[in-house]
Amino acid sequence: MKRKLVISMVVLALVALVGGGGLAAAQETYTVVSDIPWPPFEMELEGEFFGFDLDVIRASAVVAGFKVDIQNCEWSILVSSVQAGAKDIGASGLTDFRERAEKVDFSNHYWLANQAVVIRKDSGLNLVSAMTGKGPTGAVGAQRATTGGWWVEDNIQAAGFNVELKQYSTYPLAILDLVAGRIDAVIQDEPASISSLTAFPDELTIAGIINTNEYFGFIVPKGDPNGLLPRINDAMVVLGVKTAMASTGVEEFEITEGSFWENLVATYFGPPIEKIEAAWSKCKNLLLSATCLEDLENYARCMADAVKE
Amino acid sequence: MEASSPIIEKRIVIEGIAVIGRYLPDLLQALLTNVQLLLALLAVGFAIGTVVALLQVYAGHFLGVPAFLYEWVFRSIPALVLLFLFYFGPLQFGVSIPPFFAATLALGFRSSAYQSQIFRGAIQAIPQGQMMAARSMGMSRVRAIISIILPQAFRLSLPAWSNEFSSVVKDTTLAYAVGLNEILRHARFITERYYNLAMLAYLTIALIFLVLTYSGNWSLGWLEKRLRIPGLEMAGVSGRGRNLSK
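Going line by line, the protein sequences match chains F and D. Residue numbers 1 to 309, in my numbering, belong to the letters of the first sequence in order. Residue numbers 1001 to 1246, in my numbering, belong to the letters of the second sequence in order.
Quick caveat, the hints were computed from the structure, so don't treat them as lab data. For every residue, glycine included, the Cβ atom is placed at its ideal position computed from N, Cα and C. Don't take every hint at face value.
Covered by chain D, per the in silico footprint, the following chain F stretches (three or more residues, Cβ under 8 Å) [to be verified]:
| id | segment |
| --- | --- |
| 1 | 30 to 42 |
| 2 | 53 to 61 |
| 3 | 195 to 202 |
Build the full structure now, drawing on both the sequences and the hints.
Next comes the structure, spelled out in structure tokens:
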């Protein structure tokens, strides 16, 4: 009798252990770090985080069957905290380039970003004169430790042009200095530059785009210890984007018509921030409660329709 | 060409105040992180500061010299450099310390060095005779320090300590530099969404800190009054006042 009791208790304990383990595996949560805000990739409204990057990583998690905990993380420590393994995923408009890829592993690319150069309308400068230091201050601004600033160092300063590079801790500070006339131009990724113009439509304009062919990817610690990259890559295909090498040697994105991806791009790239915020308020529950691909597609369609209103 | 239009117009100020009002609950929520860090810093600073002060006053060379070295190092290095050392230093070896913990250590050690000098001054202001009297009554040195010297020293150090409090309150925003999501970091939600509101956003934070520092100092002033013992104020420590009151 007593022995039976012991055996049944052991069996019960084993069932609880296996069951508990299975349950824990089904609810795996990974921490995602993102430097918020950086519209339209990273945005905030009433304490909630959204934006192109964050919606994609949330949707990928739904498709791949894991959970994400999105944390706001200052740019200066973002890559290093993923590198050290303190955080599981970085989703923050991260350009894939060699030096960074030596520290962390990248997912498949999901965005092609070029650098836009913003100038004052009344400055009388153009793309070339502004970037080569021919303006009144001879200075160009960029966010510290971003590819825009490095591009100036590697291609303009290295070529012997006398242009001063002023680096700022955040992009808006550079824009404010540009409006105030302390620098002649600001170099930054195209989508973020466009969104800054909405703040100063009368003062600023885009002088031109520099095709730097930078690709964004999500990052995980070196060696992908949680095995997340294949799952994220597969999920992005399911969501409607595939990367392919074009004959020109440039990587191109094939986007499925009517997919989550197509609608998400239409939502975040083009409409003004107010529209995107209103769309998020209207549709967010569809994403936050999504359990399958259909839910995700409904969310993206809702967003794309809402920004048109 | 017309001169560039002023960045801040009246309309923008009025709309701006409405926007800031919307973000205020968020900012105050983030201020909680600053307050938590403040409490952690004061606690670390108080505990280590007391020990360092005691070692400097009572210990021999063996422990006294390290205590002086500690105080010298942490009072000499700029706060921001300390923060970077504690956060990015270990990171180089693959050790990631959470920003809050790194800030607690870096700024806490720094505060302990300053606090140690406040306590040292107060301990040395207690007349030597008190220790002799305690010892002659059969108290051990440690017992005398705990029961006789320290209670008086802490009371005497309150005015100087409230100065250190004011300084540490403001230091908490420095933790922004190592990625702590405190109030200054949260201001970015405003400044990057509404470029024109940078001035208003930072003025709001300035105002919040004026209130925080004032209420903290007011509370410490109240504590000082509550703990004051007539005849045992700083002025009476010279010995004369106390003799007269007896």
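Do the hints match the structure? See the list:
With 4 residues having a beta carbon nearer than 8 Å to a beta carbon of chain D, the segment 30 to 42 of chain F meets the requirement of three or more and the stated coverage holds. Counting residues of the segment 53 to 61 of chain F whose beta-carbon sits less than 8 Å from any beta-carbon of chain D gives 0, not enough to reach three: the coverage restraint is violated. Restraint check on the segment 195 to 202 of chain F versus chain D: 4 residues with Cβ-Cβ distances below 8 Å, three needed, restraint holds.
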